[in-house]
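6 protein chains.
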Amino acid sequence: MEISRFPVPELAALPEDLRSRILAVQEKAGFVPNVFLVLAHRPDEARAFFAYHDALMEKEGGLGKAEREMIVVATSAANQCLYCVVAHGAILRIRAKDPAMSEQIATDYRKANITSRQRAMLDFAMKVSRAGHEVDEADFHALRSHGFSDEDAWDIGAIAALFALSNRMAHLTRMQPNAEFYALGREAKR
Amino acid sequence: MEISRFPVPELAALPEDLRSRILAVQEKAGFVPNVFLVLAHRPDEARAFFAYHDALMEKEGGLGKAEREMIVVATSAANQCLYCVVAHGAILRIRAKDPAMSEQIATDYRKANITSRQRAMLDFAMKVSRAGHEVDEADFHALRSHGFSDEDAWDIGAIAALFALSNRMAHLTRMQPNAEFYALGREAKR
Amino acid sequence: MEISRFPVPELAALPEDLRSRILAVQEKAGFVPNVFLVLAHRPDEARAFFAYHDALMEKEGGLGKAEREMIVVATSAANQCLYCVVAHGAILRIRAKDPAMSEQIATDYRKANITSRQRAMLDFAMKVSRAGHEVDEADFHALRSHGFSDEDAWDIGAIAALFALSNRMAHLTRMQPNAEFYALGREAKR
Amino acid sequence: MEISRFPVPELAALPEDLRSRILAVQEKAGFVPNVFLVLAHRPDEARAFFAYHDALMEKEGGLGKAEREMIVVATSAANQCLYCVVAHGAILRIRAKDPAMSEQIATDYRKANITSRQRAMLDFAMKVSRAGHEVDEADFHALRSHGFSDEDAWDIGAIAALFALSNRMAHLTRMQPNAEFYALGREAKR
Amino acid sequence: MEISRFPVPELAALPEDLRSRILAVQEKAGFVPNVFLVLAHRPDEARAFFAYHDALMEKEGGLGKAEREMIVVATSAANQCLYCVVAHGAILRIRAKDPAMSEQIATDYRKANITSRQRAMLDFAMKVSRAGHEVDEADFHALRSHGFSDEDAWDIGAIAALFALSNRMAHLTRMQPNAEFYALGREAKR
Amino acid sequence: MEISRFPVPELAALPEDLRSRILAVQEKAGFVPNVFLVLAHRPDEARAFFAYHDALMEKEGGLGKAEREMIVVATSAANQCLYCVVAHGAILRIRAKDPAMSEQIATDYRKANITSRQRAMLDFAMKVSRAGHEVDEADFHALRSHGFSDEDAWDIGAIAALFALSNRMAHLTRMQPNAEFYALGREAKR
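Protein chains in written order, with our numbering: chain Y, 14 to 203; chain A, 14 to 203; chain Z, 14 to 203; chain U, 14 to 203; chain H, 14 to 203; chain W, 14 to 203.
Since the hints were derived computationally from the structure, they do not count as laboratory data.
Take these hints with a grain of salt, some might be off.
The list treats identical chains as one, so a pair stands whether inside a single copy or across any two.
In silico SDA-like cross-links for lysine to any residue, where the CA-CA straight-line distance does not exceed 25 Å [claimed, not checked]: (1) Lys72 to Arg32; (2) Lys78 to Thr128; (3) Lys41 to His146; (4) Lys110 to Asp152; (5) Lys110 to Leu24; (6) Lys110 to Arg187; (7) Lys78 to Glu29; (8) Lys41 to Arg18; (9) Lys78 to Phe19; (10) Lys41 to Ser129; (11) Lys110 to Glu147; (12) Lys72 to Glu15; (13) Lys72 to Pro22; (14) Lys110 to His154; (15) Lys110 to Pro22; (16) Lys110 to Ala155; (17) Lys78 to Ile16; (18) Lys41 to Asn126; (19) Lys110 to Pro46; (20) Lys41 to Arg199; (21) Lys110 to Phe19; (22) Lys72 to Leu36; (23) Lys72 to Ser17.
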């Protein structure tokens, strides 16, 4: 199965900055996640996307790294985005050290083995993703009652917003996840 | 996490026929899938459910066993049923000998690595599950054009219908999947 | 109009147990409800369906028999199931001794002439039927506040779940109600 | 049960023209349909409503009188309007001389015992009622292919539009149908 | 672009009462709004429509004239009705003396520069328009808590109901707004 | 009314690159569009957003600049995003030299005064925005039949995807459009 409906560039043909970035990921992960190659068909858009991604997913802040992946998996599942559920599901399993977490969050986060604070975080993220026009003060209050700051609220909402974009790019390009992702993080906790 | 909102019977306290059935499953699978214990709270309903299940899932017919599990996983994911997606996802991976199949079918079967015949099968199953009142002759024609008989159509639709029930029982009881299911069938094909 | 898209067995050709059951119904009702003949095309599935039906609809418990029919009519109307609305609407009129009840429940149960307890029962049933994944503790509390036990909650939810199956089988088979049902229970109360 | 959330005028207190009209209906029908009393709380609006109603429902044209009632019942059922389904269901049974017609059209017009021309008529009416913004030339072509003129198309769409108003007024006022309607037209054809 | 899918009558060919009415509007507005010509294709329906319109939009009462236009614009935007959003948006800008009001109400009234009382008014109107069957006592209480009488509630709901009709007639006829409307009321407040 | 729920930075306090960019916009437009100030609360995210925006909206390609704004307005209206509809509506009116275009596209693009090619473009954009998981080969074929290349398809889909993000950020921050936007481009064509 093709990894994209659109032409996929050769690594060697990419601009130097994108190639370096991709090689660094490859060294760390052991493979090149398809999203890098698929989006690199448009280098300027790819640079903007990865800059946006890092600004939200790699920064310090009130949300744990596993929690950010929960947001990605829950909203991407609601959007039926195969690439994001599979790739970020793998990262979630690894960061949460829990092989069951990805399927729980993707299928029905209301029944997942998470804290009530995380449940509130996902309720907010899902509202931004699915009915953003209805977000109002009461939603911010609900987050604050679980100890989230308003900056955390921005993070939660902005991650949901970024993957609203990402999910649609995956659908547009018919992006396929790498086979490697399916196997990552499946070993049980001890 | 509790496996049910409702009382869960002790195996020893169950009627003989249900206990035997459950012990047989345990011997084969190595554990007792929670659905047996959760539904056994109501023995008469449990007997009817398992009889219905076997009549559709264990019979001979035009649908392969992996294909029947595809129907369960696709429609259960649309209904956000954690138990059925996780348990039948495991069975699907094993029967399809494909560790990627369950997440593909659960997240977006339109992008799964399946045949066009299987795609037509899932389109029909999803229509029965989500908008049954709109099923009409054109849907049967579409199945026939992929080589399905009308008896196959009954099988597809009836499996979707049975899991419409099953998904709702899982939501009603807040049924949790066994931890074992998450790990099954994850080894890559060779 | 055919009563099913699929072949309908002759009564004489049916297995003895199904034939006996159907003859008993015919003796009591004066006619054979089409659901028996349509589903008997698959004897094993038919046996399981009727066993499930009786386990929920004929048992003792906190729900009255008319109330169980209310659940069937309300959820089947939401699913646009002609057979179930017409057949169970007739039974509801008879059991409730109220010729107006079936249309009220089928069209808009919020405006029906029922108790607030029955309204709560139908709100719960509709949530299980339409958005089961959102059922949570608050819904059980609402039932308890109207005097329902948790076993009653199981009954309400399980009836909604069974007719989620039944409605889809009726759509799959294009099942038509018997003409007799339309006229039953139309005489006014005195 | 009150027939309206709002004050209901005494017949004697109504303006002469409305009172005469209502007495004429009473003489013909044997009772005063509640819609007349409920809407007469606002005489000017009531006059406009009944003028609109008669302009569409009593005029000559390509649609039979039973067919117009089919449009009312199908769209009102989709809007869950108890008053309109019960009152116009009764008129439909009488005009169609068919005691089964009202429940068939209200529950699932796709499975009703109607002609393919009437099916096309109801498809058009439902689209105007439910997704009017999507009505386009293809919908008019479909009507023409069943022998409807464009003036008939106006009639179909305008009846659906008028009952979009009527259904909402019934919900606003919590209008209850007269008990008499439930019993009308239930006798079987011979 | 044609202003209607249907024949549009010559002003001279119209019945005297409709022609007089239209000439009066023309004198006041400087042009003939297309709705008059498009609906006049059916004089009896047109008379009823304009009588209904005036009974609700021109009467005295607790709602200001700009507020009534807010209801029209909010519900018509939800129904994607180009004619009503453009024509009544213009009237709203003029009556509210606010060039920004129409786009705010049409796009997302929750973020418009209106009072909390007006917000409650629009919440009620939208519920009548979009989910009238769910209107209940709690909705009337919400209005009363903002100082609306029950007669005001009727006005709000009835305007929403009338434009449910009007929007569908505009879709049916593919009614186009006059070019003049787009420019009206755009000058900023001082 | 505040322009954001979150703190809005002083221009003087911004990093040099963002300040320069904003000053350049101000010089060209005569005012600082609020989106720059609202998003600059998070400089890294703001940089990524504007880079993404320029990569899609300022590039050469098969889509005209007015056409790109049509995509923004149509999808933002479907998401009920006040900021994007008002700000990009203004740009659309200017680029299309048509004061009526923004309201037509925002309210119901199916009835707008656009070419059939533009209609196909908006159908594709709306599908990516509202039901991206259903985008398939048939949608690309439809674009090609109107002369769009696959690179154009990427542009259309990517703009819809970017504003899926943008609309959600506007909802999250309760972003308000500048008063200036409402008045721009309202003068009629000659």
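Structure-based check of all given hints:
no.	hint	in the structure
1	Lys72 to Arg32	both (23 Å within a copy, 23 Å between copies)
2	Lys78 to Thr128	within (15 Å within a copy, 37 Å between copies)
3	Lys41 to His146	neither (39 Å within a copy, 31 Å between copies)
4	Lys110 to Asp152	neither (29 Å within a copy, 33 Å between copies)
5	Lys110 to Leu24	neither (32 Å within a copy, 32 Å between copies)
6	Lys110 to Arg187	between (30 Å within a copy, 24 Å between copies)
7	Lys78 to Glu29	neither (29 Å within a copy, 30 Å between copies)
8	Lys41 to Arg18	neither (27 Å within a copy, 39 Å between copies)
9	Lys78 to Phe19	between (31 Å within a copy, 23 Å between copies)
10	Lys41 to Ser129	neither (33 Å within a copy, 37 Å between copies)
11	Lys110 to Glu147	neither (34 Å within a copy, 27 Å between copies)
12	Lys72 to Glu15	neither (33 Å within a copy, 28 Å between copies)
13	Lys72 to Pro22	between (29 Å within a copy, 20 Å between copies)
14	Lys110 to His154	neither (30 Å within a copy, 35 Å between copies)
15	Lys110 to Pro22	neither (34 Å within a copy, 32 Å between copies)
16	Lys110 to Ala155	neither (28 Å within a copy, 37 Å between copies)
17	Lys78 to Ile16	neither (27 Å within a copy, 28 Å between copies)
18	Lys41 to Asn126	neither (29 Å within a copy, 28 Å between copies)
19	Lys110 to Pro46	both (21 Å within a copy, 24 Å between copies)
20	Lys41 to Arg199	both (19 Å within a copy, 23 Å between copies)
21	Lys110 to Phe19	neither (35 Å within a copy, 30 Å between copies)
22	Lys72 to Leu36	within (21 Å within a copy, 28 Å between copies)
23	Lys72 to Ser17	between (29 Å within a copy, 23 Å between copies)
Hint compliance for this structure: hints 3, 4, 5, 7, 8, 10, 11, 12, 14, 15, 16, 17, 18, 21 are not met, and every other hint is.
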